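2 protein chains.
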Amino acid sequence: MKNELKSWKHVFKLDPDREIGDEALDRICMSGTDAIIVGGSSGVTYDNTVELLSRVRQYTVPAALEISNEEAVVPGFDLYFIPIVMNTSQGEWITGHHQRAVKEFSHMTPWDEMAAQGYVVLNPDSTVGKLTGAQTNLDAKDVAAYAQMAEHLFRMPVFYVEYSGTFGDMDIVRKARAQLSETRLFYGGGIDSAEKAELAAEAADTIVVGNIIYEDLERALETVPATRNGA
Amino acid sequence: MKNELKSWKHVFKLDPDREIGDEALDRICMSGTDAIIVGGSSGVTYDNTVELLSRVRQYTVPAALEISNEEAVVPGFDLYFIPIVMNTSQGEWITGHHQRAVKEFSHMTPWDEMAAQGYVVLNPDSTVGKLTGAQTNLDAKDVAAYAQMAEHLFRMPVFYVEYSGTFGDMDIVRKARAQLSETRLFYGGGIDSAEKAELAAEAADTIVVGNIIYEDLERALETVPATRNGA
Numbered sequence: 007m008k009n010e011l012k013s014w015k016h017v018f019k020l021d022p023d024r025e026i027g028d029e030a031l032d033r034i035c036m037s038g039t040d041a042i043i044v045g046g047s048s049g050v051t052y053d054n055t056v057e058l059l060s061r062v063r064q065y066t067v068p069a070a071l072e073i074s075n076e077e078a079v080v081p082g083f084d085l086y087f088i089p090i091v092m093n094t095s096q097g098e099w100i101t102g103h104h105q106r107a108v109k110e111f112s113h114m115t116p117w118d119e120m121a122a123q124g125y126v127v128l129n130p131d132s133t134v135g136k137l138t139g140a141q142t143n144l145d146a147k148d149v150a151a152y153a154q155m156a157e158h159l160f161r162m163p164v165f166y167v168e169y170s171g172t173f174g175d176m177d178i179v180r181k182a183r184a185q186l187s188e189t190r191l192f193y194g195g196g197i198d199s200a201e202k203a204e205l206a207a208e209a210a211d212t213i214v215v216g217n218i219i220y221e222d223l224e225r226a227l228e229t230v231p232a233t234r235n236g237a
Numbered sequence: 007m008k009n010e011l012k013s014w015k016h017v018f019k020l021d022p023d024r025e026i027g028d029e030a031l032d033r034i035c036m037s038g039t040d041a042i043i044v045g046g047s048s049g050v051t052y053d054n055t056v057e058l059l060s061r062v063r064q065y066t067v068p069a070a071l072e073i074s075n076e077e078a079v080v081p082g083f084d085l086y087f088i089p090i091v092m093n094t095s096q097g098e099w100i101t102g103h104h105q106r107a108v109k110e111f112s113h114m115t116p117w118d119e120m121a122a123q124g125y126v127v128l129n130p131d132s133t134v135g136k137l138t139g140a141q142t143n144l145d146a147k148d149v150a151a152y153a154q155m156a157e158h159l160f161r162m163p164v165f166y167v168e169y170s171g172t173f174g175d176m177d178i179v180r181k182a183r184a185q186l187s188e189t190r191l192f193y194g195g196g197i198d199s200a201e202k203a204e205l206a207a208e209a210a211d212t213i214v215v216g217n218i219i220y221e222d223l224e225r226a227l228e229t230v231p232a233t234r235n236g237a
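Going down the list, the protein sequences come from chains U and A.
Taking my numbering, the leading residue of the first sequence gets 7, the next gets one more, and so forth.
Taking my numbering, the leading residue of the second sequence gets 7, the next gets one more, and so forth.
Please note that the accuracy of each hint is not assured.
As the list makes no split between identical chains, a pair holds if one copy fits it or if it spans any two.
Computed cross-link-like contacts, BS3-like style, restricted to lysine-lysine with a CA-CA straight-line distance of at most 25 Å [as the list claims (entries may be wrong)]:
{"no.": "1", "residue 1": "K181", "residue 2": "K109"}
{"no.": "2", "residue 1": "K147", "residue 2": "K19"}
{"no.": "3", "residue 1": "K109", "residue 2": "K147"}
{"no.": "4", "residue 1": "K15", "residue 2": "K136"}
{"no.": "5", "residue 1": "K19", "residue 2": "K136"}
{"no.": "6", "residue 1": "K147", "residue 2": "K181"}
{"no.": "7", "residue 1": "K181", "residue 2": "K15"}
{"no.": "8", "residue 1": "K8", "residue 2": "K147"}
{"no.": "9", "residue 1": "K8", "residue 2": "K136"}
{"no.": "10", "residue 1": "K8", "residue 2": "K109"}
{"no.": "11", "residue 1": "K19", "residue 2": "K8"}
{"no.": "12", "residue 1": "K181", "residue 2": "K12"}
{"no.": "13", "residue 1": "K109", "residue 2": "K19"}
{"no.": "14", "residue 1": "K136", "residue 2": "K147"}
Just so you know, these hints were derived from the structure itself, not from any lab.
The structure presented is a predicted model; accordingly, all values stated were derived computationally and were not measured.
With these hints in hand, go ahead and build the complete structure from the sequences.
Here's what the structure looks like:
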């Protein structure tokens with residue numbers, strides 16, 4: 007599964023802390039998206055993660071869990087993402103939480119199913135930006151340097167440019183991707199229409215569509231075919 | 007050269023900020039050690055690094071530079087180590103300095119010659135411990151968790167247990183090494199005799215001998231054959 011993510015162009019991100027009806031979930035899972043990522047910045051628990059997984063598991067679409075809370079690690083996903091925030095001065099978000107989680111799970115950690123994500127968080131007003139103290143005042147060269155580190159220094163499978171809640175600067179995304187050959191660039195933030203999906207898919211390897219699922223399902227679904235145009 | 011380090015059992019670490027005579031340097035370089043690492047926690051400059059490299063280069067022993075100061079990156083080494091302190095809350099020492107250095111060198115970075123070292127610093131009174139704000143109150147399970155992260159999450163070639171100035175707990179070292187298969191465990195700190203070299207070589211993959219070179223050359227040289235016994 008870790009290798010399969012290299013072919014992902016479009017993923018939907020579902021938040022266990024938000025409500026989604028059965029029909030909407032059916033349309034998301036049958037949309038042709040390459041995968042479902044389950045994750046959120048707040049309110050993620052074991053119970054709401056289990057519940058969402060059991061519903062997503064009725065479909066064949068691959069399901070990955072982005073671990074934001076070590077208490078909410080639910081078995082049964084195809085893949086587990088471990089987010090590492092690269093642009094913060096708070097070591098807690100780079101190695102601290104991770105070390106405590108690894109210590110707790112110790113021998114049980116299924117490393118073959120785990121994939122590190124090197125995050126650069128660029129919206130200071132987002133929940134994740136505030137929570138992690140991300141240093142967001144970065145230009146294209148700054149982000150490109152982080153991309154090089156993700157690929158060469160940490161050899162992470164995913165470099166994740168996160169504008170969470172706003173549509174970002176595609177020039178920054180494009181220049182970061184130009185640094186990468188093995189590591190895949192995920193872009194997330196503000197993709198709420200077919201047009202933005204196409205723009206983002208042209209700049210990034212994989213686009214992540216989240217909030218719009220809960221705001222306007224039809225527009226969310228339109229991002230899937232639009233991605234094929236952009237890619 | 008990055009692959010060659012997998013066969014290193016013993017290395018000498020030379021500090022560009024400390025004096026070493028020609029005869030002493032000759033005996034160190036001809037000792038049968040597997041490599042010379044050039045590096046130090048303070049006072050490392052471009053000039054003193056160039057000077058030391060030019061003297062070491064008269065010998066065939068491989069020479070690596072451990073980059074502690076981006077102003078002192080001298081070309082001509084066989085390998086460049088990039089230290090990343092894992093057990094600190096100060097993001098500067100995990101990703102911060104590194105990002106600025108990569109941004110500055112940008113396209114010129116010879117990634118094939120670079121190797122990340124995941125450091126766990128365990129002596130709070132050492133220069134490096136104070137400088138980096140290392141959280142040193144760790145047990146064997148804590149260090150083993152960092153070892154797993156170095157291998158699986160960051161895929162670093164080297165995991166470096168650093169007791170800088172004191173001889174460490176070999177039980178901690180042994181349990182950390184037990185977690186590793188691809189990543190190599192370097193041990194440094196307080197190896198000032200053949201006996202300690204043998205103990206450390208039994209617990210670690212590679213032992214690093216530093217300070218004693220400047221304090222008692224004969225004892226430093228005795229660590230080389232002793233390592234073959236321990237390994």
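Consistency of the hints with the structure:
Taking the shortest Cα distances, K181 and K109 sit within 25 Å of each other only across copies (13 Å), while inside one copy they are farther apart (37 Å). Taking the shortest Cα distances, K147 and K19 never come within 25 Å of each other, neither inside one copy (28 Å) nor across copies (34 Å). In this assembly of identical chains, K109 and K147 lie within 25 Å of each other by CA distance solely across copies; the values are 6 Å between and 36 Å within a copy. In this homomeric assembly, K15 and K136 never come within 25 Å of each other (Cα to Cα): the closest approach is 28 Å inside a single copy and 45 Å across copies.
Taking CA atoms no more than 25 Å apart as the test, K19 paired with K136 passes inside one copy only; the shortest distance there is 20 Å, against 42 Å between copies. When the C-alpha separation of K147 and K181 is checked against a cutoff of 25 Å, the pair qualifies only within one copy, where the shortest distance is 8 Å, while the shortest distance between copies is 41 Å. When the C-alpha separation of K181 and K15 is checked against a cutoff of 25 Å, the pair qualifies only within one copy, where the shortest distance is 18 Å, while the shortest distance between copies is 41 Å. Taking the shortest Cα distances, K8 and K147 never come within 25 Å of each other, neither inside one copy (28 Å) nor across copies (27 Å).
For the homomeric pair K8 and K136, neither the shortest alpha-carbon distance inside one copy (30 Å) nor that between copies (39 Å) is at most 25 Å. In this homomeric assembly, K8 and K109 come within 25 Å of each other (Cα to Cα) only inside a single copy, at 23 Å, whereas the closest approach across copies is 29 Å. Proximity of K19 and K8 under a CA criterion of 25 Å is satisfied intra-copy only: 17 Å inside one chain copy versus 38 Å between copies. In the homo-oligomer, the alpha carbons of K181 and K12 lie at most 25 Å apart inside one protomer (19 Å), although the nearest pairing across protomers, at 35 Å, exceeds that limit.
Proximity of K109 and K19 under a CA criterion of 25 Å is satisfied in neither setting, with 28 Å inside one chain copy and 31 Å between copies. With identical chains, the CA atoms of K136 and K147 are at most 25 Å apart within one copy only, with a shortest distance of 23 Å there and 31 Å across copies.
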